[in-house]
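Quick mapping for you: the protein sequence lines, in order, are chains A and B. Taking the numbering used here, the leading residue of the first sequence gets 1, the next gets one more, and so forth. Taking the numbering used here, the leading residue of the second sequence gets 1, the next gets one more, and so forth.
No lab work stands behind these hints, which were simulated from the structure alone. Because the structure is a prediction, the values reported are computed rather than measured. All residues carry an ideal CB built from backbone N, CA and C; glycine is no exception. Be careful, since some hints might not be right.
Chain B side only, calculated, beta carbon under 10 Å to chain A, not exhaustive [as the list claims (entries may be wrong)]:
| no. | residue |
| --- | --- |
| 1 | S208 |
| 2 | R231 |
| 3 | T260 |
Over 10 Å on every C-beta distance to chain B, these chain A residues come out as not near it, computed from the model [said to hold, decoys possible]:
| no. | residue |
| --- | --- |
| 4 | Q18 |
| 5 | L56 |
| 6 | L75 |
| 7 | R83 |
| 8 | P103 |
| 9 | H118 |
| 10 | C169 |
| 11 | A189 |
| 12 | H243 |
| 13 | A255 |
| 14 | P261 |
| 15 | A323 |
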Amino acid sequence: MSGQTLLDVRGLSIRFPQHDPVRGLSFCVNAGETLAIVGESGSGKSLTALALMRLLPRAARIAEGEVRFNGHDLLQLNEQSMRRLRGREIGMIFQEPMTSLNPVYSVGWQIAEVLRQHEGLSARSARLRAVELLDTVRIPDPQRRVDDFPHQLSGGMRQRVMIAMAIACSPRLLIADEPTTALDVTIQAQVLDLLDRLRKDLSMGLILITHDLGVVSQWADRVVVMYAGREVEQASPGPLFEHPLHPYTRGLLAASPRLQPGAHYQDGPLSEIRGSIASAIGQQGCAFAPRCPHTQAYCRIAVPPLMDAGPKRLSACPVTLPAAATQNANFS
Amino acid sequence: MSLLNVSDLQTHFKLPKGVLRAVDGVSFTVERGETVGLVGESGCGKSTLGRSLLRLETPTAGHITLDGQDILPLKGTQLRGLRKRMQMIFQDPFASLNPRHSIGSILETPLQVHGLGDRSQRRRQVEQLLDRVGLPRSALSRYPHEFSGGQRQRLGIARALMLQPDLVVCDEPVSALDLSIQAQILNLLVEMKREFGLSYLFISHDLSVVQYFADRVLVMYLGRIVESADRRSLWSTPRHPYTQALIDAVPDPSRHRQVTPLSGDLPSPQNLPSGCRFHPRCPRASELCLRQEPALTDLGGGHQVACHHPQTSVISFLH
Chain A
1 MSGQTLLDVR
11 GLSIRFPQHD
21 PVRGLSFCVN
31 AGETLAIVGE
41 SGSGKSLTAL
51 ALMRLLPRAA
61 RIAEGEVRFN
71 GHDLLQLNEQ
81 SMRRLRGREI
91 GMIFQEPMTS
101 LNPVYSVGWQ
111 IAEVLRQHEG
121 LSARSARLRA
131 VELLDTVRIP
141 DPQRRVDDFP
151 HQLSGGMRQR
161 VMIAMAIACS
171 PRLLIADEPT
181 TALDVTIQAQ
191 VLDLLDRLRK
201 DLSMGLILIT
211 HDLGVVSQWA
221 DRVVVMYAGR
231 EVEQASPGPL
241 FEHPLHPYTR
251 GLLAASPRLQ
261 PGAHYQDGPL
271 SEIRGSIASA
281 IGQQGCAFAP
291 RCPHTQAYCR
301 IAVPPLMDAG
311 PKRLSACPVT
321 LPAAATQNAN
331 FS
Chain B
1 MSLLNVSDLQ
11 THFKLPKGVL
21 RAVDGVSFTV
31 ERGETVGLVG
41 ESGCGKSTLG
51 RSLLRLETPT
61 AGHITLDGQD
71 ILPLKGTQLR
81 GLRKRMQMIF
91 QDPFASLNPR
101 HSIGSILETP
111 LQVHGLGDRS
121 QRRRQVEQLL
131 DRVGLPRSAL
141 SRYPHEFSGG
151 QRQRLGIARA
161 LMLQPDLVVC
171 DEPVSALDLS
181 IQAQILNLLV
191 EMKREFGLSY
201 LFISHDLSVV
211 QYFADRVLVM
221 YLGRIVESAD
231 RRSLWSTPRH
241 PYTQALIDAV
251 PDPSRHRQVT
261 PLSGDLPSPQ
271 NLPSGCRFHP
281 RCPRASELCL
291 RQEPALTDLG
301 GGHQVACHHP
311 QTSVISFLH
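Sequences are here, hints too, so could you generate the full structure?
Shown next as structure tokens:
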């Protein structure tokens, strides 16, 4: 299913004047593969997406790291080449389709704009292609819908329009930042199903950024779990959900009623992760230590590195590392 | 006698372009000490229903009785007396606390409005409840922006409980919170229920949260209740195709990449489909469904469904 490496991120750090919201992040995405980046608000997952597109807010900069896409280091490209790449080679969709669409242009015009800009299509053929794209993302009656304005469409339809714009130039990589968070549950399933079908048909790499573990479990090939700007665990969904290693991942799974079918309040409370992510600020050593039930003295001294934790698994917790993997781990 | 009895409740809004039938003939009860979950997608009228119970919206027809007392005709001081017994916890802990008021004043206001206790008694009560929801006393002189989303939701809970109500309407109380915080708030709500003997109407779009938190579940679609059952039989033997679709939409690791999403969008409540409101999206729709709206009927064991062609339950044969 997965092809060659499409995107290779190594040691990415993002810096604001006051703090570093993302530190030392490494992952890769293969063609035709879905990589999920999962984390709570404040974990740095959305900033990571913006950094890949070089769309960080002005105050932020990429302090360290390499982002290799298809052999080129994106961080070395000049702005002009980067502009050519955005939308053509790498597409992106956002959480709130209403604020990402321009309210004063028809959706057809906005899709056509992408095609005129990147592919040099004439207005006429761009419009025809826009109708095709609306059909591809399963908008009923695309001939008529192409002239609709964003406010005339439902939330799910708007997100489909965003997807149509993002795939207009058949990008190799699609970054979807919380694409279904603002949508209703039955619409969520439709949109995720659509994204997955497009991934397969266009053999795109897909980066799915979400806070929803359920979505991850059902749609990802590989999962990166982030906490307070760092990657704490990486695995395929099967092993991750059956045997989570990092205490944060374990805590999240145990706290989610969705992942404990049949659980009921009368049988006992949900297990909680005590405290909040705010405790990670200024924390020496492991950022999760203040909330962790397994904290050892050394957790508060040095940041634990990601360690091999079995086949195609990484975890940044030396305490819960399986015994077999501990021998290979090298502590810094 | 049920604590809350709602019968044939309608809340319609007159709009320039017609009538929006947000709540359109809803009947249910909440027993003392019971948690009733109300689940549905946005626009189905679940929040309007919750707000109508507290008379924050004005119902256009029907009856609501609390402990046998009809509350729809109440006005002025009587209405205020009612609100002492019914309170609400809101979804957005940022928008529901006044940013210009200190926490102490936010929590004390309900007691002042209802003229309860003198100053020191009120202060003591506020402090007790603050302890109880797990916030430090130093919070009293601070302002909402100084708190995280989870802490603000604790404040929202404390405010709702200041008057020791009988029934609390929780409108999506955890959907705006991060997952690790959601469990903390759900657990706190359970503790409060035990301690104060509360009944809840728990409104959520997330069937899996409702499944954990409720004793009985109502499924709402476009202003109507389409299925009502105890949480176990709703989950194991859903009879309405819409309930089935909601269950199928809950992501499940064991169904990797296999979904059969419900097709179509929610129609606008201003322009309802003929017959059964669900028929344009329903895989089981027949010609009858286009013509005639199904009534909520009891299938036995308190399991009610409004469907001409309810799913038969395989599991019930096994019992």
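Consistency of the no-contact label for A:L56, given chain B and a CB cut of 10 Å = holds (23 Å)
Interface-negative label, A:A255 against chain B, beta-carbon threshold 10 Å | violated (4 Å)
With d taken as the least Cβ-Cβ distance between A:Q18 and chain B, does d exceed 10 Å?
-> holds (18 Å)
Any CB of chain A closer than 10 Å to the CB of B:T260?
-> With a closest approach of 9 Å, the B:T260 hint holds.
Tell me if B:R231 is really an interface residue toward chain A, meaning its C-beta lies closer than 10 Å to one of theirs.
-> Holds, because the Cβ-Cβ distance from B:R231 to chain A comes to roughly 7 Å (cut-off 10 Å).
Determine whether the non-interface label on A:H118 survives the test: each CB of chain B must be over 10 Å from its CB.
-> holds (30 Å)
Test the statement that A:P261 is away from the interface with chain B: the closest C-beta pair must be farther apart than 10 Å.
-> Its Cβ does come within 10 Å of chain B, the nearest being 8 Å, so this is violated.
Per the stated criterion, does the least C-beta distance between A:C169 and chain B lie above 10 Å, as a non-interface residue requires?
-> Non-interface label on A:C169 holds, nearest chain B Cβ at 25 Å vs cutoff 10 Å.
Per-residue hint verdict: B:S208, partner chain A, C-beta under 10 Å | Holds. Min distance 4 Å.
Is A:P103 truly not at the interface, in the sense that its beta carbon sits beyond 10 Å from all beta carbons of chain B?
-> Holds, because the least Cβ-Cβ distance between A:P103 and chain B comes to about 20 Å, which exceeds 10 Å.
Verify that the Cβ of A:L75 lies farther than 10 Å from every Cβ atom of chain B, and report whether the claim holds or is violated.
-> At about 30 Å from chain B, A:L75 clears the 10 Å cut-off, so the statement holds.
Exclusion check [A:A189 not at the chain B interface, CB over 10 Å] | violated (4 Å)
Hints 11, 13, 14 from the earlier list are contradicted by this structure; the remaining hints agree with it.
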